[in-house]
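K.L.:
Each chain is listed here by its residues.
2 protein chains.
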Amino acid sequence: MSDPSTENPDVRLQQLREAIDETDSALLNLLQQRKQLAAEVGVVKRSLGQPLYVPEREAKLLAARREEAAVVGLSPDLIEDVLRRVIRESYQQQQAADVHLQCKTIVVVGGKGALGGLFVERFREAGATVHCLDKDDWEQAEDYCQQADLVLVSVPIAATEAIINRLPKLPENCILADVTSVKEKPLQAMLDCHVGPVVGLHPMFGPQVATLAKQLIVITEGRQPDAYQWLIDTLSRWGAQLYTTTAAQHDEAMGFIQVMRHLSTFVYGAHLAEEHADLQQLLDLSSPIYRLELMMVGRLFAQNADLYADIILAHPENFAMLRRYLATFDEYLATLEQGDKSKFVDKFAEVSLYFGDFSQKFLEDSQRLLASAGDAHQLSQIAGR
Amino acid sequence: MSDPSTENPDVRLQQLREAIDETDSALLNLLQQRKQLAAEVGVVKRSLGQPLYVPEREAKLLAARREEAAVVGLSPDLIEDVLRRVIRESYQQQQAADVHLQCKTIVVVGGKGALGGLFVERFREAGATVHCLDKDDWEQAEDYCQQADLVLVSVPIAATEAIINRLPKLPENCILADVTSVKEKPLQAMLDCHVGPVVGLHPMFGPQVATLAKQLIVITEGRQPDAYQWLIDTLSRWGAQLYTTTAAQHDEAMGFIQVMRHLSTFVYGAHLAEEHADLQQLLDLSSPIYRLELMMVGRLFAQNADLYADIILAHPENFAMLRRYLATFDEYLATLEQGDKSKFVDKFAEVSLYFGDFSQKFLEDSQRLLASAGDAHQLSQIAGR
Numbered sequence: 000m001s002d003p004s005t006e007n008p009d010v011r012l013q014q015l016r017e018a019i020d021e022t023d024s025a026l027l028n029l030l031q032q033r034k035q036l037a038a039e040v041g042v043v044k045r046s047l048g049q050p051l052y053v054p055e056r057e058a059k060l061l062a063a064r065r066e067e068a069a070v071v072g073l074s075p076d077l078i079e080d081v082l083r084r085v086i087r088e089s090y091q092q093q094q095a096a097d098v099h100l101q102c103k104t105i106v107v108v109g110g111k112g113a114l115g116g117l118f119v120e121r122f123r124e125a126g127a128t129v130h131c132l133d134k135d136d137w138e139q140a141e142d143y144c145q146q147a148d149l150v151l152v153s154v155p156i157a158a159t160e161a162i163i164n165r166l167p168k169l170p171e172n173c174i175l176a177d178v179t180s181v182k183e184k185p186l187q188a189m190l191d192c193h194v195g196p197v198v199g200l201h202p203m204f205g206p207q208v209a210t211l212a213k214q215l216i217v218i219t220e221g222r223q224p225d226a227y228q229w230l231i232d233t234l235s236r237w238g239a240q241l242y243t244t245t246a247a248q249h250d251e252a253m254g255f256i257q258v259m260r261h262l263s264t265f266v267y268g269a270h271l272a273e274e275h276a277d278l279q280q281l282l283d284l285s286s287p288i289y290r291l292e293l294m295m296v297g298r299l300f301a302q303n304a305d306l307y308a309d310i311i312l313a314h315p316e317n318f319a320m321l322r323r324y325l326a327t328f329d330e331y332l333a334t335l336e337q338g339d340k341s342k343f344v345d346k347f348a349e350v351s352l353y354f355g356d357f358s359q360k361f362l363e364d365s366q367r368l369l370a371s372a373g374d375a376h377q378l379s380q381i382a383g384r
Numbered sequence: 000m001s002d003p004s005t006e007n008p009d010v011r012l013q014q015l016r017e018a019i020d021e022t023d024s025a026l027l028n029l030l031q032q033r034k035q036l037a038a039e040v041g042v043v044k045r046s047l048g049q050p051l052y053v054p055e056r057e058a059k060l061l062a063a064r065r066e067e068a069a070v071v072g073l074s075p076d077l078i079e080d081v082l083r084r085v086i087r088e089s090y091q092q093q094q095a096a097d098v099h100l101q102c103k104t105i106v107v108v109g110g111k112g113a114l115g116g117l118f119v120e121r122f123r124e125a126g127a128t129v130h131c132l133d134k135d136d137w138e139q140a141e142d143y144c145q146q147a148d149l150v151l152v153s154v155p156i157a158a159t160e161a162i163i164n165r166l167p168k169l170p171e172n173c174i175l176a177d178v179t180s181v182k183e184k185p186l187q188a189m190l191d192c193h194v195g196p197v198v199g200l201h202p203m204f205g206p207q208v209a210t211l212a213k214q215l216i217v218i219t220e221g222r223q224p225d226a227y228q229w230l231i232d233t234l235s236r237w238g239a240q241l242y243t244t245t246a247a248q249h250d251e252a253m254g255f256i257q258v259m260r261h262l263s264t265f266v267y268g269a270h271l272a273e274e275h276a277d278l279q280q281l282l283d284l285s286s287p288i289y290r291l292e293l294m295m296v297g298r299l300f301a302q303n304a305d306l307y308a309d310i311i312l313a314h315p316e317n318f319a320m321l322r323r324y325l326a327t328f329d330e331y332l333a334t335l336e337q338g339d340k341s342k343f344v345d346k347f348a349e350v351s352l353y354f355g356d357f358s359q360k361f362l363e364d365s366q367r368l369l370a371s372a373g374d375a376h377q378l379s380q381i382a383g384r
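These protein sequence lines map, in sequence, to chains A and B.
Per numbering that gives the first Met the number 0, the first sequence starts with residue 0, numbered consecutively.
Per numbering that gives the first Met the number 0, the second sequence starts with residue 0, numbered consecutively.
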């Protein structure tokens, strides 16, 4: 600090900025070094046949750095957030554990579709003989299926049952599985048309994912779990998180998670369009949370209308639930129109009790997320200049 | 690689993990070093009276590191995400630029409330003489206000106009301002009761923010902008982003951004409660996007019912718009109940056109955000064990 330049704050500011730039470059080099180490971990794990994602190792690593950060007075959340981001990158670049399916013959019905194609690619990488069966080559169905160890159905929801019913007779040990986002009816159709092992899968992600690591796949048991265990093990080695439930519970939950959410998001967007709301102005005037919500609405309309219509139409029993939602909306809007605040406030308290500890947890988790949404918005603004 | 230990993959894996841990510790030390440099930048900026947040410097810094990353084969998004997270931490720890309000006397009506208190604290730090005026000490109003350079009204929406009308006569050069989340009526009330400078503010953030850096404040002009410029400059030096619009445009946008969003979120939560939906199961079965949406619903109920009721009730003219939303919902639900997919698909295409480039941009931005939401979920799961 005896350097005379430090007495001129403008010069000092420039020096500090250069020092920050140098630190950032050093940081960049460390990240590059870490990336190479992680890639090598991937190679070694492949040779050992170990799973890519080991939650315990990750938790231990983060806990150790958090503790270290606290000691030197750095925010433990900061180092954890940074490392999580770095680790995510590693997963995307590491190869999954070696999966050997050389002895398997797999038929993916709808394998030319986006989600079907993702599984075709993975199975082929693992050495399996994979046949894609689509509308235009259905005459091959019998040929392909007679040697199959697995027939995976990945077709639009509305067509799933009909296509399952059209399948030729499968070998007794062949697994019949589907990846439809409803489960009860396709599972029943599979059980009805095949005597061997049956399992229903619902991958809770889109075909754009870079890897299956950490992605959720819901499993609904059909028949002979021991016989389809190799398929489950394969998904697990690819890094997927598996959650097993019944088809009925799955479909009930999807009534909320998919049907209601998609429909209300659709109507929200349609309403904004009909009201000619000025989107740029809404963005300019939004806090991060509203910007996030608008983003969640708008993103729907960059996607496939048929897919969403099919999800909503697949379970007509949800319509009564949606009618009850509309009735609830009408009820509270009516009380507010009458200037009656008390019913709203009373119900609010009741719903708070229903959410219990979740609401506080959601508030905290979303604060963290919104902070990073704020960062991202800044980026778009700058990029848009 | 000629080290014999590398021939044993288990040993090699252990070595690699140790090397990763060392790299992470080195990274932690760099972050600590960067934090100290940034803190010193804050001190120098204070002495220079420079604003905390300089978007151009930040953009330049990120662009330089992105380029450097691309050269060495590291993901530019990775280094940018990491640096944004680090920069956010710096803002939270840096002190704002020196603001000198020693010569100002400021009255904050409702200064004991959370948001009012935030401003009281900032003004006091800047050296101003600050008086809080609340219900229980209203007899002081005349005393406090007769010397005031600024009277800032920060009270519940429903009470805002009444309180403005009860204010004593203010000095002619005194600024009268409010921070209510509706703007037309309070602005009019302020213009009616005071002949001097008037401005309406809407801080688009909650009182829990750590700093005003990058936070949005909407400004609606009232009267004599030159005379209230020192207040605007103060907000700017604290790092806030300012967006100026008319009270009418502000309120129209808030019909969507606040009223409609709050009410539909409230009804969504009330509906889940009435349907006795199993929240843990919904979370277990959710992909990151649904988890995020459930989080956005649940977080509402950890907050203040009165605040939300007041926001909805403040603009009765929004009720007609909300009725139109319900009618649109009913219309599309009815067509789907009849199994008519075409109207949904047609409208979907129309709304896609309305969103235009925004929908694709929202999809991309949200992908990025959802990836980090996935990281965070992992954390909660691990912490919950």
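Read the hints as simulated data drawn from the structure, not as lab findings.
Be careful, since some hints might not be right.
Copies of the same chain look alike in the list, so a pair counts if it fits in one copy or across any two.
Unchecked claim - Below, simulated BS3-like cross-link-like pairs (lysine-lysine); rule was C-alpha separation at most 25 Å, straight line:
1. Lys340 x Lys184
2. Lys184 x Lys59
3. Lys360 x Lys59
4. Lys59 x Lys340
5. Lys134 x Lys111
6. Lys340 x Lys134
7. Lys134 x Lys360
K.L.:
Are the hints correct? Go through all of them and say.
P.N.:
Verification of the hints:
Proximity of Lys340 to Lys184 under the C-alpha cut-off of 25 Å is restricted to the inter-copy arrangement: shortest distance 20 Å between copies versus 44 Å within a copy. In this assembly of identical chains, Lys184 and Lys59 lie within 25 Å of each other by CA distance neither inside one copy nor across copies; the values are 42 Å within and 56 Å between. Only within a single protomer do Lys360 and Lys59 lie at most 25 Å apart by alpha-carbon distance; the minimum there is 23 Å, versus 37 Å between protomers. Taking identical chains as interchangeable, the C-alpha atoms of Lys59 and Lys340 are never at most 25 Å apart, the minima being 49 Å within one chain and 50 Å between chains.
When the C-alpha separation of Lys134 and Lys111 is checked against a cutoff of 25 Å, the pair qualifies only within one copy, where the shortest distance is 10 Å, while the shortest distance between copies is 69 Å. Taking identical chains as interchangeable, the C-alpha atoms of Lys340 and Lys134 lie at most 25 Å apart only when they sit on different chains, with a minimum of 22 Å there against 58 Å within one chain. Neither within a single protomer nor between protomers do Lys134 and Lys360 lie at most 25 Å apart by alpha-carbon distance, with minima of 48 Å and 34 Å respectively.
Hints 2, 4 and 7, counting from the list given before, are not met by this structure.
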